[in-house]
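There are 2 protein chains.
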Amino acid sequence: MDICRVAILGCGTVGGGVARIMQDLKQDLSMRAGMPVDLIKIVDLNPAESANRHGINRDLFCGTADTITPEEASSFISEIIHDKDIDVVVETIGGTSDFLLDIVKKLIAAGKHVVTANKALLALYNSDIFTTAEASGVQIGYEAAVCGAIPIIKTIQESYSGDKIQSISGIFNGTSNYILSKMKEEGLTFDDALAIAQEKGYAEQDPTYDINGYDAGHKLLLLIKLAFGLDLAFEDIAISGIEDITDDDLDAAQELDSTIKLICYAEKRGEKVFATVRPMMVKNSNFLSQISGATNAVRLINMYAGEQILIGKGAGSLETASSIVADIVFLARNQGNNFHTGDSAGVSLMENDEFELPYNITFDLDDVPGMTGLVATAIGNQGINIDTVGHNRHNIDRAVFPVATMPCSMNQIRAAIDDIEKKRPGVYLNPPKVVPILF
Amino acid sequence: MDICRVAILGCGTVGGGVARIMQDLKQDLSMRAGMPVDLIKIVDLNPAESANRHGINRDLFCGTADTITPEEASSFISEIIHDKDIDVVVETIGGTSDFLLDIVKKLIAAGKHVVTANKALLALYNSDIFTTAEASGVQIGYEAAVCGAIPIIKTIQESYSGDKIQSISGIFNGTSNYILSKMKEEGLTFDDALAIAQEKGYAEQDPTYDINGYDAGHKLLLLIKLAFGLDLAFEDIAISGIEDITDDDLDAAQELDSTIKLICYAEKRGEKVFATVRPMMVKNSNFLSQISGATNAVRLINMYAGEQILIGKGAGSLETASSIVADIVFLARNQGNNFHTGDSAGVSLMENDEFELPYNITFDLDDVPGMTGLVATAIGNQGINIDTVGHNRHNIDRAVFPVATMPCSMNQIRAAIDDIEKKRPGVYLNPPKVVPILF
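Chains as they are written, first to last, in this note's numbering: chain A, 339 to 777; chain B, 339 to 777.
Because the hints were derived from the structure by calculation, they are not lab data. Some clues are possibly wrong.
Identical chains blur together in the list; that is why a pair holds if it fits in one copy or across any two.
Straight line, CA to CA, 25 Å or less: simulated PhoX-like cross-link-like pairs of lysine-lysine [as the list claims (entries may be wrong)]:
{"#": "1", "residue 1": "364", "residue 2": "563"}
{"#": "2", "residue 1": "364", "residue 2": "502"}
{"#": "3", "residue 1": "563", "residue 2": "610"}
{"#": "4", "residue 1": "364", "residue 2": "610"}
{"#": "5", "residue 1": "621", "residue 2": "522"}
{"#": "6", "residue 1": "444", "residue 2": "422"}
{"#": "7", "residue 1": "522", "residue 2": "771"}
Input sequences plus hints: build the corresponding full structure.
Have a look at this one:
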């Protein structure tokens with residue numbers, strides 16, 4: 339290509355931002371790409387409103403009426419698929435429908451590069467989409483799909499290509515981080531913090547996927563593929579969300595000089611990859627503990643370059659759009675071959691409960707003498723070293739105290755917990771709460 | 339190119355790391371580059387020792403004896419310059435000699451891509467080198483020259499290309515940051531902290547350029563060219579180092595909920611760029627205040643993507659080498675055209691003393707009534723708004739107190755300082771110390 343001609347499908351929050359930036363920075367983008375970068379067509383169901391809302395030239399929209407029907411939209415999309423002049427298509431329709439998957443596959447088959455922020459679609463159909471792209475000699479730009487404005491995709495592809503990534507951890511969901519920050523800083527309950535997040539626009543009306551860790555999991559899946567070459571099915575990743583975090587958990591974390599965060603974590607040891615999304619107690623000496631509000635952060639440990647941290651906005655119209663436009667410029671300027679992770683044959687997922695991490699276990703027991711000894715002995719019997727036994731909050735007739743372990747597996751911890759129950763049936767007033775500790 | 343053949347000139351700390359990584363990750367690198375990446379020649383004065391120290395195949399070195407003479411080295415380098423099979427040359431000789439500049443220019447003229455960590459050479463001869471490269475259709479890989487392992491060059495070139503950078507700030511020199519961290523955390527004097535830094539290998543025996551801000555200035559110059567398209571002569575940048583920082587300054591910073599850091603700062607306002615390297619009081623809410631030890635960090639404010647922070651190792655053999663190898667892979671994989679900053683015509687440097695920043699001024703005066711009023715009135719008379727007047731450390735017969743201003747220029751501050759002296763000659767027991775505050 340010597341002119342980069344772009345079409346946008348879906349001109350809502352993010353697509354509108356893309357059109358806006360392409361219009362405002364047209365000269366800069368062309369200079370950086372080394373060729374003209376032209377936005378030539380937009381398909382949206384509400385051309386008039388979208389053009390007006392985002393300040394975009396109305397003539398770029400397909401259709402002359404104020405609104406177009408889904409059938410008309412389909413027909414315009416079909417024209418774009420068959421338009422030999424279009425090189426890059428931005429997919430900002432969203433969702434994971436068969437309809438959308440079909441469009442994306444047809445675009446790829448027609449030789450168009452596709453740029454998208456759609457993490458869910460890529461996570462669900464990733465080998466399908468990436469394999470087809472490889473075969474058609476086109477590229478999928480998805481910088482915007484993982485942590486919005488943080489350039490983690492290109493950083494892994496282009497900047498850490500002289501290294502081996504050993505672990506990835508991070509805060510990949512701004513909504514849940516906002517809620518946890520509010521709970522900690524203002525002493526709010528989960529429900530109250532969620533209500534404020536919704537009021538301020540940091541959480542959707544249906545925040546399920548933000549809260550339960552699925553959105554973060556989609557992003558982690560894409561990074562695992564990129565960094566370790568491992569194709570996972572979404573259900574392979576052990577995911578738990580922040581719904582059950584209470585102020586007791588936040589207090590226990592504080593006692594350990596830590597902060598509770600919803601952490602995406604993947605580590606490669608030998609040919610095995612451990613992957614999880616779950617609340618962890620992040621030590622305050624780890625930068626991730628300092629990330630508050632709707633901000634995202636990614637921390638990588640590289641074999642040669644050591645620790646690297648990237649912090650930025652994880653969502654937002656123009657923030658996400660900025661990443662999409664950077665992908666377009668990159669495609670035009672470099673026209674490189676597809677990225678391949680080296681040496682990934684034989685890599686497989688590790689059984690989650692075998693991976694060793696330091697854990698915090700908060701016990702809630704009858705407040706009678708001998709409890710600490712019973713617990714500590716059972717834990718020691720499983721070959722687990724104890725790091726600290728925290729302050730025992732004796733209140734009325736219960737003993738609540740945290741035990742921080744040295745690295746061990748969930749299998750060992752479960753065995754210890756079962757052993758305590760066996761030795762003293764009914765001892766648990768509440769099931770012990772187990773949270774990994776991240777240094 | 340369909341095989342990427344590489345030569346390394348100078349196989350010391352960094353060059354040895356490059357050879358080591360290229361040897362250890364050969365398969366991965368070739369996969370990522372989409373073609374074989376072969377290290378085929380190394381020139382070093384001490385082949386035997388270098389091969390041994392870095393664990394590199396001895397056969398790669400030019401010359402069969404244990405050491406070679408400078409004349410032999412020159413002749414081997416000349417062969418490499420004329421070797422049509424070599425595509426990329428890694429320059430890790432170091433220094434800014436005419437001899438080295440001549441080699442680099444000849445390599446470029448011969449159509450070889452050059453990859454280097456040599457920030458001083460690039461900063462001193464930047465338009466010369468980059469213009470020649472442009473004319474010869476080759477690229478200069480210099481990711482390693484700015485903040486070692488932090489991928490700030492490619493991030494600006496490839497990831498923020500859908501945006502406009504508004505400001506760059508950061509900690510670009512690990513040695514001075516290590517010294518300031520030690521002074522703060524352990525209450526050491528500058529001299530004692532420097533001695534420890536030298537003992538632990540964080541500072542050279544001659545640490546002049548680390549301490550006086552020149553090393554950081556070289557890096558800032560390169561980023562200003564990249565982000566704002568402005569070619570500066572090194573002496574254009576207002577630079578001061580950390581030599582005069584005392585524990586009083588650290589205390590004053592703490593009082594303002596800040597930490598003293600050697601900050602590189604560049605901001606574009608309209609068509610004017612403000613640039614400086616100097617100690618600043620960084621508010622503790624700014625991530626840069628949290629960067630301790632020999633770590634580097636870069637903070638960018640983008641027009642659309644907002645705040646972005648990258649943190650990582652700024653130096654070290656393998657850390658720096660990792661960035662050099664990434665540049666090699668990038669050159670091979672993408673073979674793109676040269677990067678051009680958009681829309682930089684007409685951009686020029688701003689008169690330093692006109693730029694408005696919030697400042698802290700620490701006064702050291704006779705401890706007699708009326709001093710605070712005298713100072714505050716003189717400052718107000720220059721149209722400067724005062725944010726806070728800090729705790730007055732009355733000790734024996736002197737009054738020492740900080741005044742934090744709202745944004746104003748150094749010209750305004752100087753006028754206020756002169757006015758106070760005029761109103762009450764001899765009032766300054768020591769000249770007022772003026773430090774910008776970074777939010």
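Evaluated hints:
no., hint, in the structure
1, 364 - 563, "between (33 Å within a copy, 21 Å between copies)"
2, 364 - 502, "between (37 Å within a copy, 12 Å between copies)"
3, 563 - 610, "within (13 Å within a copy, 43 Å between copies)"
4, 364 - 610, "between (46 Å within a copy, 21 Å between copies)"
5, 621 - 522, "both (15 Å within a copy, 22 Å between copies)"
6, 444 - 422, "within (13 Å within a copy, 44 Å between copies)"
7, 522 - 771, "within (19 Å within a copy, 39 Å between copies)"
When the structure is compared with the earlier hints, no violation turns up for any of them.
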